[in-house]
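Asks: Go ahead and model the full structure; you've got the sequences and the hints to work with.
As a plain string of letters, each chain reads:
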Amino acid sequence: MERKKPKKPRGVARYIEGKCIACGARCQSACPVDAIEMNNRDEPVILLAKCIGCQKCLKVCPAGALEMYYTPDEQKILAEYNRAQAGIEAPASAPTAAEWKGVWIFVEQTNGTAHPVSWELLGAGRALARDLGVELAAFILGSGIQHLIPEAFGYGADKVYVIDNAVLKHYRTYPYLEASLQLIRKYKPEIVLMGATGQGRDLAGAVATELRTGLTADCTGLSISQADRLLEQTRPAFGGNIMATILTETHRPQMASVRPHVMPKPDFQSGRQGSVILEEFSLPEDQITTKILEVIPLRSESTVNLAAARVIVSGGRGMMGPENFALLRELADLLGGVIGCSRSAVDAGWLPHAHQVGQTGKTVKPKLYIACGISGAIQHLVGMQNSDYIIAINKDKNAPIFSVAHLGIVGDLFEILPALIAELQNHYAQLEEKSLAVI
Amino acid sequence: MNMNWSRLLFTVIFLVSIAFFARNLYRLFAMLCLGRWENRFDRLKDRMVSMLLFAFGQLRVLRSSYGFNHLLIFWGFMVLLLLNFEFLMAGLFPHFSLAFLGHYPYALLLVMTELMSVLVLFAVAAATIRRLFFRPDYIEASLDAFLILGLIAVLMVAYFGYHAGEIHLGTTIWAAWMPVSRLASALYASLSPQAAEGVTGTFWWIHALVLLAFLNYLPYSKHLHILTAIPSCFFRSFSVPQTVPPLEFEKGNHFGVSKINQFSWKDLLHFMACTECGRCQAACPAERTGKSLNPRLLVHEGKRNLFINSQAMWNGRRIDSLPPPVDEKAMKVSLIGEGHESIAEEDLWACTTCGACMVECPVFIEHVPKIIEMRRHLVMEQARFPEELLRFFENTEQRFNPWGIAPSDRAKWAQGLDVPFLEAGRPVEYLFFVGCSGSFDSRTRHIVTSMTRILNAAGVSWAILGNEEKCCGDSLRRLGNEYVFHQLAMDNLQLFEKYGVTRILTHCPHCYTTLKNDYAQFGANYSVIHHTQFIDQLVREGKIQLRKRVNGRTVVHDSCYLGRYNGIYEPPRNVLRAVSEGIPPLEMPRHEAKSFCCGAGGGRMWLEERAGKRIYLERTEEALATRPSTIAVSCPYCMTMFEDGVKEIKAQDTVQVRDIAEIVAEAIEA
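Chains as they are written, first to last, in our numbering: chain L, 1 to 439; chain P, 1001 to 1670.
Think of the hints as simulated: they come from the structure by calculation, not from any bench.
Each residue gets a CB set at the ideal place from its N, CA and C atoms; glycine is no exception.
Some hints here could point you the wrong way.
Unchecked claim - Derived CB-CB ranges, DEER-like:
(1) L:Gly18 / P:Gly1416: 20 to 28 Å
(2) P:Gln1494 / L:Pro62: 47 to 55 Å
(3) L:Thr289 / P:Gln1382: 48 to 56 Å
(4) L:Glu294 / P:Phe1068: 50 to 58 Å
(5) L:Lys186 / P:His1340: 55 to 63 Å
As the list claims (entries may be wrong) - Here are the simulated DSS-like cross-link-like pairs (lysine-lysine), alpha carbons at most 25 Å apart as the crow flies:
(6) P:Lys1498 / L:Lys50
(7) L:Lys434 / L:Lys397
(8) L:Lys265 / L:Lys291
(9) L:Lys395 / P:Lys1516
(10) P:Lys1647 / L:Lys362
(11) P:Lys1650 / L:Lys397
(12) L:Lys159 / L:Lys265
(13) L:Lys397 / P:Lys1647
(14) L:Lys362 / P:Lys1613
(15) P:Lys1332 / P:Lys1259
(16) L:Lys76 / L:Lys59
Stated by the list, open to error - Sample of chain P residues lacking proximity to chain L, with all beta carbon distances greater than 10 Å (derived):
(17) Ser1264
(18) Gly1466
(19) Glu1622
Replies: Structure representation (structure tokens):
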């Protein structure tokens, strides 16, 4: 007779006195049932009646100030549960290396043009495939996309799997999901990588869920652990305070996504050949509930892409005039970034609206945001306050921008910026000399 | 007119005209019945008074000095009604006359008619000249307008022509009482008796035909207002300007207005009552700064939509019953869309809900509630709204403030200050509702800190809600997101209930109006006071001492949601006089009820202004034209707009923008 499986007790969350660092009520925001209230000292107060023990607050707390509390009875059940689990745990179908082989890269395309992240992933994939001693393949989904096959070979794929079907002409989750699943279930790659773009994020999650496998998103590092041939998926965690390496030990395929511009793009070797597998795929259009009615191209008022920029040098009313934005452009170029602005600059006609950061403009989250001559009213802050590192230059020491800046410089930007630019140019010149000296 | 065939002909024409007119009247009434029910039959005595003052007294028309012209035409028409009635009846029954009223009353009527006819003729001539040579930009020189003026002129001339002929032919005994016609009869002198008879007859027929034709032309022109203006005044709204009705969130209901028949009958009456005078257009901040929104055209488009869709729905069928059948599928033109019979989406979003249009309208058309109802449809049924609003909606829904800042930071401004927090079981006299701007905006923080100083200096019993306070929901409601507004309103009301709040003090006119007028729909039972009223009270009661005199030229700006919405004009001025030892503040040309919006109301604070001149610049320029050293505001939105405007015009070194509370707080410090 089978022993009745004991239900795992959830417990309730409990605040550990004194450990709260007043991070801004992340626990309260994470709670799905509104069971946390913040007291006057910004510490959490758990409403025990409402708590469902989901542990979301524990996981989001950056200071480990919350713990799970089990009543003595619950603790007994928990112990019993763990014992039962240990007995059942041996996974019935641990995938063997023989079953799942190969490193696969998803080649994302829009209107027949491949997204460059796909080629970057092929570069990374080549290293992984070499370490594992397996094949590197690319899989391309779309309609009329066979011209991408030689490109995939050129960037390093040994094999290319293609599904060319009319229902895949424009990206929709369901047909792309079904096509991916068909390929993966049939050919069983051990690793599948996708670019962490809008399309990639949508598809990767859906595929991983259907395959009941793990997915690590936004990886910054991928490597093979030689001992157990596992993919080591490295990504920043806890707001960037630690780097976590994640392993998908018992499920296949191991899936990861990587942001564009993280991996270097490999060199293109034209004329490289490989084998092509054209897969048949049928999915009646009427089974797909999503229809594309209209594709509206982004209005390109200017070619600036603020949302994706990693460095933004931004100017406000303190810049005094449109010609002074040349300074910002110089700095941005040196740092490999783009220029942004606050609403005042757009109102004054110095820059087009596409550069506007703020409440009615863009929300940005670059690695570096330099705010020059921007006072930092709430309407602007709301658009950039989550940037990784904020530098503010303003001659008013009471400007609200300094409340969010990591580094604030109170001074005249017309003195500071040229000095900064000169220093950077000097620095790069010295670097160049040094590297030349080595050769 | 003794010839039988002539009388017969006239009788036939008369009957056909009246029948046609009656049919059109019936159809117009049926159109009204398409709208949903709304109770406007309360306060009958007040309604009678409004009708007398505004419809018969033409009070709003007279606000512009040129309106006197219209007063003449209107009263001329009223007086002429009687004689025209006699005229038509006499055409049917040859000896019909109103002389039975008595010799002198009838004589008086004749004299008045003569006088009014001349005045009307001059008035019409003046109107035509104005329309041709001195036309202001908010008057459209349409064919319709000239046709009407022309027809009226023809009627007056025909009247004199006919009566002059009668006097000449000696067929009337009332010549003594028709001085102008007597003068005109001299023109008949050179004619033979037959010719005179012929000419007189011709004038008679011209008068008769034009009168009947004009009557039937009414429904097809803006002159329809002579039938609909008086009821529109009678059924006016008494709240200034009207807040929109709440919605029931039940499955199967529709939210907002997407089809013409979803408006109430009063809204449909409005569409028919518009005289196209353009006063609303001249007052509209959006239209004046070059946006496509034009309140006059919006009403006109509504009217055309009503006409064309009712036409399509009835399609020549007899309307047997009232309310008439509604075949929504037969509706030809959608209410919201492009073209002359639809209202453009862009227009709907351009409105700042300032209410200037409604205050100017001589027939009490309510533009703003219609716009909000259509916004409700766009937001809640279609999710079609400018993309800047998405973040705003999400933030207010999830974090109860427009900027998405953690609710636990809401009372951070009070740290280190002497600010009491509400505690359950310990009620205070005033709850100071800080609002989102006061809690998070760095400039507005100065206003609430000033309030803190004033409240403590006055020794008032007060407290704030702290982190539990949620956005009042004003912008949400004006933008049409009634659902999230409803949630916030319910949450806030529960809080007020929990803490036994009886009086709410707020510095923001939007919070003021929402907590007072909008929340009242959900059973709010507290009173709300604006900080200018409160400070005014404190000064008069001597509870605060103004030690320092405020020097310099101060110009005062009336916030739309304080002034037009709630009639609060005096308190800010009283306070400004008190701090300057009796010197009143400077006034802008457009002040008090005519105040020009700063541009941030109606949710526009969260939207980008893409067309035309920036509204805030327009108003800032007006303020700076008075050469002030201080611009006094009483609203955080106005504050933000003026601060930006002053910086834009690079006047920040000579002009400062200050809230009334800041001015007073500075003055109470020794």
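Asks: Each hint: holds or not?
Replies: Hint by hint, here is what the structure shows:
At about 23 Å, the beta-carbon gap between L:Gly18 and P:Gly1416 stays in the expected band of 20 to 28 Å. P:Gln1494 and L:Pro62 have their C-beta atoms about 32 Å apart, which leaves the hinted 47 to 55 Å range violated. Here the CB-CB span from L:Thr289 to P:Gln1382 is close to 20 Å, at odds with the stated 48 to 56 Å. The given range of 50 to 58 Å is respected by L:Glu294 and P:Phe1068, whose C-beta atoms sit roughly 55 Å from each other.
For L:Lys186 and P:His1340, the hinted distance range of 55 to 63 Å is satisfied, since their beta carbons lie about 60 Å from each other. Taken as a hint, the P:Lys1498 and L:Lys50 pair is honoured in the structure, with Cα atoms around 20 Å apart against an allowance of 25 Å. A threshold of 25 Å between alpha carbons decides the hint, and for L:Lys434 with L:Lys397 the separation of about 39 Å lies outside it, so the pair is violated. Note on L:Lys265 and L:Lys291: the hinted pairing is violated, with a Cα-Cα distance of about 34 Å set against a maximum of 25 Å.
For the proposed pair L:Lys395 and P:Lys1516, the alpha carbon gap of about 43 Å is over 25 Å, so the pair is violated. With a C-alpha separation of about 23 Å, the suggested pairing of P:Lys1647 with L:Lys362 holds against the 25 Å cut-off. Restraint check for P:Lys1650 and L:Lys397: the C-alpha separation of about 21 Å stays at or below 25 Å, so the hint holds. For the given pair, L:Lys159 sits about 19 Å from L:Lys265 by alpha-carbon distance, which is consistent with the 25 Å threshold.
The hinted pair formed by L:Lys397 and P:Lys1647 meets the criterion: a straight-line CA distance of about 18 Å does not exceed 25 Å. Annotation: proposed proximity of L:Lys362 to P:Lys1613 holds, straight-line Cα distance about 22 Å (limit 25 Å). Our distance criterion of 25 Å between C-alpha atoms is met by P:Lys1332 and P:Lys1259, whose separation comes to about 11 Å. Distance hint between L:Lys76 and L:Lys59 is fulfilled; the C-alpha atoms sit about 24 Å from each other, no more than 25 Å.
Under the 10 Å C-beta cut-off, the non-interface status given to P:Ser1264 relative to chain L holds; the minimum distance is some 34 Å. With a least CB separation of 8 Å from chain L, P:Gly1466 falls inside the 10 Å interface cut-off, contrary to its annotation. With a closest Cβ-Cβ approach of about 18 Å to chain L, P:Glu1622 is found to remain outside the 10 Å limit, as its non-interface label requires.
The earlier numbered hints that this structure contradicts are 2, 3, 7, 8, 9, 18.
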